[in-house]
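Hey, can you work out the whole structure from these sequences and the hints?
Protein chains in written order, with my numbering: chain A, 1 to 312; chain B, 313 to 811; chain C, 812 to 1108.
Just to be clear, a hint being listed does not mean it is correct.
Stated by the list, open to error - Below 30 Å or equal to it, Euclidean Cα-Cα: the simulated BS3-like pairs (lysine-lysine) are: (1) B:LYS761 - A:LYS53; (2) B:LYS444 - A:LYS53; (3) B:LYS661 - C:LYS1053; (4) B:LYS409 - B:LYS482; (5) B:LYS440 - A:LYS53; (6) B:LYS557 - A:LYS157; (7) B:LYS482 - B:LYS626; (8) C:LYS1053 - B:LYS557; (9) C:LYS1053 - B:LYS654; (10) B:LYS626 - B:LYS639; (11) B:LYS406 - B:LYS513; (12) C:LYS1053 - B:LYS513; (13) B:LYS773 - B:LYS592; (14) B:LYS592 - A:LYS53; (15) A:LYS53 - B:LYS626; (16) C:LYS1053 - B:LYS742; (17) C:LYS1053 - B:LYS592; (18) B:LYS791 - A:LYS157.
No lab work stands behind these hints: they were computed from the structure.
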Amino acid sequence: MPKLLKRLLLSLPTLLLVSMVVFSLLAVLPGDPVAAILGMEATPEAAAALRLKLGLDDPLLVQYGRWLWAVLHGDLGRSFIDNTPVADALWQRLPVTIELAIGSFLVAVIIAVPAGILSAARPRGWANAIGTLIALFGMSVPHFWLGMLFIILFAVKLGWLPASGFVPLSVDWHANLIAMIMPMVVTGLRESAILMRMVRSSLLEVLNEDYIRTAFSKGLRDWQVVLGHALRNAMIPVLTASGLMVSGMLGGLVITESIFGIPGMGKMIVDAIFQRDYVTVQAGVLAATVMVVIVNLGVDLLYSVIDPRISR
Amino acid sequence: MNQRVSRFLLSTMSSAVLAACSLPALAVTLNISLDADPGKLDPTQSSMLNERIVYQSIFDKLVDLDGEGKIVPMLAERWTVSEDQKTYTLFLRKGVKFQDGTPFDAKAVEFNLLRGQEKTSLRRNELKYVSKITVVDDHTIKLDLSTPFAPFLSILTDRAGMMSSPAAVKKYGDDYVNHPVGTGPFSYEGRLKGATITLKKNPDYWRAGLPKVDEVVYKIMPDVNVAFNNLRSGQVDITNRFPYKEITNVPANASYTVLNKPSLGFRGFYMNTGKPPFDKKEVREAVDILIDRNAIAKVVYNNAVAAGHSPFSKAQFANGPSDVPPKVDVARAKALLKAAGKEGGFSFKLTLPTTPDELQVGQMIQGMLRPAGISVTLEKTELATQIEAGKAGNFEGLFVGWSGRPDPDQNIYDFVTTNGSLNYSHFGAKEVDDLLQQARVEGDQAKRKGFYDQAMAILVKEVPYIYTVHDNVLFGIAKSVKGFQYVPDGVIRTATVSK
Amino acid sequence: MNSSTNTTNTTSSQALPELPRWRTLRRFAGNRLALIGALIIGLLIVLALAAPLLAHYDPIFDQDYGNLLAGPSAEHWLGTDDLGRDIYTRMLFGSRISLQAALISVGLAFSLGVPIGIVSGYYRGAVDAIVMRVVDALQAFPSLILALALAAALGGGFYNAMVAVGIGFTSSFVRLARGQAMTIRNLDYVMAARSIGAGHLRIMWRYILPNSLAPLVIQATFAMGTAIIAEAGLSYLGLGAKPEDPSWGSMLHIAQGYLNTTPMLAMWPGLAIFLVVLGFNLLGDGIREVFDPKLSR
Chain A
1 MPKLLKRLLL
11 SLPTLLLVSM
21 VVFSLLAVLP
31 GDPVAAILGM
41 EATPEAAAAL
51 RLKLGLDDPL
61 LVQYGRWLWA
71 VLHGDLGRSF
81 IDNTPVADAL
91 WQRLPVTIEL
101 AIGSFLVAVI
111 IAVPAGILSA
121 ARPRGWANAI
131 GTLIALFGMS
141 VPHFWLGMLF
151 IILFAVKLGW
161 LPASGFVPLS
171 VDWHANLIAM
181 IMPMVVTGLR
191 ESAILMRMVR
201 SSLLEVLNED
211 YIRTAFSKGL
221 RDWQVVLGHA
231 LRNAMIPVLT
241 ASGLMVSGML
251 GGLVITESIF
261 GIPGMGKMIV
271 DAIFQRDYVT
281 VQAGVLAATV
291 MVVIVNLGVD
301 LLYSVIDPRI
311 SR
Chain B
313 MNQRVSRFLL
323 STMSSAVLAA
333 CSLPALAVTL
343 NISLDADPGK
353 LDPTQSSMLN
363 ERIVYQSIFD
373 KLVDLDGEGK
383 IVPMLAERWT
393 VSEDQKTYTL
403 FLRKGVKFQD
413 GTPFDAKAVE
423 FNLLRGQEKT
433 SLRRNELKYV
443 SKITVVDDHT
453 IKLDLSTPFA
463 PFLSILTDRA
473 GMMSSPAAVK
483 KYGDDYVNHP
493 VGTGPFSYEG
503 RLKGATITLK
513 KNPDYWRAGL
523 PKVDEVVYKI
533 MPDVNVAFNN
543 LRSGQVDITN
553 RFPYKEITNV
563 PANASYTVLN
573 KPSLGFRGFY
583 MNTGKPPFDK
593 KEVREAVDIL
603 IDRNAIAKVV
613 YNNAVAAGHS
623 PFSKAQFANG
633 PSDVPPKVDV
643 ARAKALLKAA
653 GKEGGFSFKL
663 TLPTTPDELQ
673 VGQMIQGMLR
683 PAGISVTLEK
693 TELATQIEAG
703 KAGNFEGLFV
713 GWSGRPDPDQ
723 NIYDFVTTNG
733 SLNYSHFGAK
743 EVDDLLQQAR
753 VEGDQAKRKG
763 FYDQAMAILV
773 KEVPYIYTVH
783 DNVLFGIAKS
793 VKGFQYVPDG
803 VIRTATVSK
Chain C
812 MNSSTNTTNT
822 TSSQALPELP
832 RWRTLRRFAG
842 NRLALIGALI
852 IGLLIVLALA
862 APLLAHYDPI
872 FDQDYGNLLA
882 GPSAEHWLGT
892 DDLGRDIYTR
902 MLFGSRISLQ
912 AALISVGLAF
922 SLGVPIGIVS
932 GYYRGAVDAI
942 VMRVVDALQA
952 FPSLILALAL
962 AAALGGGFYN
972 AMVAVGIGFT
982 SSFVRLARGQ
992 AMTIRNLDYV
1002 MAARSIGAGH
1012 LRIMWRYILP
1022 NSLAPLVIQA
1032 TFAMGTAIIA
1042 EAGLSYLGLG
1052 AKPEDPSWGS
1062 MLHIAQGYLN
1072 TTPMLAMWPG
1082 LAIFLVVLGF
1092 NLLGDGIREV
1102 FDPKLSR
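Put into structure tokens, the structure is as follows:
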């Protein structure tokens, strides 16, 4: 697929640009990583030795080049703070964030698609009014506040769910899901609000197209028309939005991860920024960006499946 | 024939099944929550208290502390100190092995001490007075110091005295932090960065009958309420922090208890004496007497701390009358400010960490200084920036506390002596330097206390650092946990613990 | 930071033929919601401006250590917080911070993004290609992390944090403005203007900008809501407003430590953020109704 390859190649400059931007930002951050690593008991010699070892006194371009070279050879480096390989940390945390993103997205889809369809098909009904209001509310609620409210209700007052206590999927999928329900639902609710509006407006437009009117005039029943013909075409812009949403979640769930104690990528990157652990930040942002690129590519692929006319 | 074969097969299979079913009972795991992810698992590279908690399970030290803060034998069975206090002879325990099977002996001690003195080691300062190490025989080692140094043995109760396996260090080099090997009750299994550290029982541990549990898992929970919830639900057995508000809320039938006892540390903030407004000691004293430590202890910490005014908590022998906070006196503060030429008050920036309780303290300080016309701006920073600011003298007020060490010298010397490595205030007074130097080389504890009292008498007038409170060791411990022993250094010792 | 998605096509929005009375009813309903939105935002502005007059105490220094975490009372309408400060007063002053957050970040994003987008969409070619690459890169960035790193790099503090958030928003304004420019430049009246010799700058200023404003203003309104949530999020993480300032986000952060004991602390700031964001969203929907009813439903 030459088109796909072309897209892949086009995204490389983006990746490069992102990594350069991150690198320069980190360089400008006040504070000294050596001070963060060695703490109060640092001796001047240990500090100097560490600076030398980490190459922190070299010019920025050299440091960046060194990092890039290593990455191209598959070496993501070792964390400044505890010397563990960053690849290990990514390996452990990326699946968690992906799980959260996918789970939230599923929750969003399960709520948004039927609600959106119902709203579009019956624009005068009470379903539409309620749906609109709920969507509006969902868009406006700060998700971390919602998370706190959930914790108060389900963990503190009712005791149904633990406030936190993450268990990796591979260790115990049951405990893992219990820990992930609240963050998934909280994030999913917010996303569903946005998604629902998208589905509805997109479906409404399609339903006004001539070929749909033709279908109605031919005597096809409502639901046949809606689900059979309209939905397929309405899904395209929704797909774009979904793609953006999921890729946005890959680095942006920091606060949710904080509140619920989920060891995901977002929290890892933010903590690393605070600790001046440049290596981890670089690798984390790179991973998140790669995920975004992959999701976008996936969306494009799905386009061509859904609508062969589209020859992106 | 067929029947016999099939019966044989059947009995073999059933005994296999039975064998599988009779595997050893479920491993007993001790779950401990830590509020921050330990950095490097190598005592020579360690800079945080949390790391010591994990090290305690993996590494033994030459000597240890007991519940009263006294030094007791560990890997060194006994020791002698020469008259001039410059030679320490340690007699090491026999028959102890590292977790990788290699023997623990005097050569290993020599290796570790030399390693601790290397340029890249953070223990270099602590060990700088050790001028000569002599391996007398397999289990005897002689350490010559360049000067008498009273805190020496107490330093060996901490990371400088932790023994790593020389074989492992040589084998792994830089990667040793991912394969730490000691003689302790538990050996390192693995870690999930930011989430857990898993240790397994050391079956060859030299203390008979110990450890009592099969596995220790440290869970990283930066949020103290999360840790508390986990304690309540039984997912964690010991928490290294406890929410202050909950201390007075523990129901009688709770599944846990709260350990709330003095530690060795202190909190407070440095004032930069190198530049205005804190270059004048009257100004510093004015700020000092405006701060109501008792209110801070009550409002922020729910009295899980002791109001303080010196670096020495009640768990330290040097604790003296200087530790009693002054009465809040707004009138006197105003008079002092006037004497210093700052009658209308002044403003300064207080740099503090991002932890919620320190932020609360900062805001309380804002309220407390206002009546004298002092306005405080709070600046939140992360540790990296804080330490850098401290060393560079790039601040006006800087909130940095100290987790504390068993020997009082380690709580004061580097902080207030001229050009001390932790003297971020850039304060210097010859009398104080002399007194602290004398306290450092004096062997008799009572005499040392005398020196510290005298030094503190001067410091309460000079006030380079405002001491606010002494933290307590505050652990939440599940009632099912037995054998837990409190030690004022705030380190959880896992060898004797059972569930 | 999800910007709401705007479709810019112009087909009718009604699924099935509607009776006239339904149409008017819907229009009214739509406008009523917009009215509520406008009222909320108006209230926000009034409260923010009048905060010192309406407040009962000082939001930072009036700390009452004997009266911590109290419930509502005659002296403290919404109770007191962890240091005994009056919550009602702090909520009032918090509105100032939220309003400033919205205005600064969106203002920046708008003034930066719209010109760049218009220029890019109008000239096309190499300029456009470069701009789009950069915008792509910026959007591929995890947004909160971008804001965080930028805020920290700029030196922390409230204004820097809001500038960082604004820069994060810029790419969506660039995209939108660019799309508008690309469409409008091909319209008849623009062609006509060019044929009589109007210069590029004049065309962009007189024709393209005014006619792209509608969707841009709608975007800006929605972005204001997002900005307030972003500010709250950054305060929560430790960047943003000074610790003693009563930003609603900081208040939520404090409340998180008291979820077990005093859950009500989390109620007020969260509710306030919710209502204000709702107000902006309703307003955005309403403006969309006014400018182009076909776009909304």
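Verification of the supplied hints:
Note on LYS761 (chain B) and LYS53 (chain A): the hinted pairing is violated, with a Cα-Cα distance of about 43 Å set against a maximum of 30 Å. Distance restraint check for LYS444 (chain B) and LYS53 (chain A): the Cα-Cα separation of roughly 29 Å lies within the 30 Å cut-off, and the hinted pair is therefore satisfied. Under the criterion of a C-alpha separation no larger than 30 Å, the hint pairing LYS661 (chain B) with LYS1053 (chain C) is consistent with the structure, at around 12 Å. With a C-alpha separation of about 17 Å, the suggested pairing of LYS409 (chain B) with LYS482 (chain B) holds against the 30 Å cut-off.
Note on LYS440 (chain B) and LYS53 (chain A): the hinted pairing holds, with a Cα-Cα distance of about 23 Å set against a maximum of 30 Å. A threshold of 30 Å between alpha carbons decides the hint, and for LYS557 (chain B) with LYS157 (chain A) the separation of about 18 Å falls inside it, so the pair holds. At roughly 42 Å between alpha-carbon atoms, LYS482 (chain B) and LYS626 (chain B) are farther apart than 30 Å, so this suggested pair is violated. For the hint pairing LYS1053 (chain C) with LYS557 (chain B), the CA-to-CA distance comes to about 24 Å; that is within 30 Å, so the pair holds.
Proximity of LYS1053 (chain C) to LYS654 (chain B) is assessed by CA-CA distance (about 26 Å); at most 30 Å being required, the pair is judged to hold. For the proposed pair LYS626 (chain B) and LYS639 (chain B), the alpha carbon gap of about 20 Å is at most 30 Å, so the pair holds. Note on LYS406 (chain B) and LYS513 (chain B): the hinted pairing holds, with a Cα-Cα distance of about 21 Å set against a maximum of 30 Å. The suggested pairing of LYS1053 (chain C) with LYS513 (chain B) is violated, with an alpha-carbon distance near 48 Å, which exceeds 30 Å.
Using a Cα cut-off of 30 Å, the hinted pair LYS773 (chain B) and LYS592 (chain B) holds, with the two alpha carbons roughly 11 Å apart. The hinted pair formed by LYS592 (chain B) and LYS53 (chain A) fails the criterion: a straight-line CA distance of about 42 Å is larger than 30 Å. Between LYS53 (chain A) and LYS626 (chain B) the alpha-carbon distance is near 42 Å, which puts this suggested pair outside the 30 Å criterion. Restraint check: the Cα-Cα separation between LYS1053 (chain C) and LYS742 (chain B) comes to about 39 Å, which exceeds 30 Å; the hinted pair is violated.
Straight-line distance between C-alpha atoms of LYS1053 (chain C) and LYS592 (chain B) comes to about 28 Å, which keeps the hinted pair within the 30 Å bound. A threshold of 30 Å between alpha carbons decides the hint, and for LYS791 (chain B) with LYS157 (chain A) the separation of about 24 Å falls inside it, so the pair holds.
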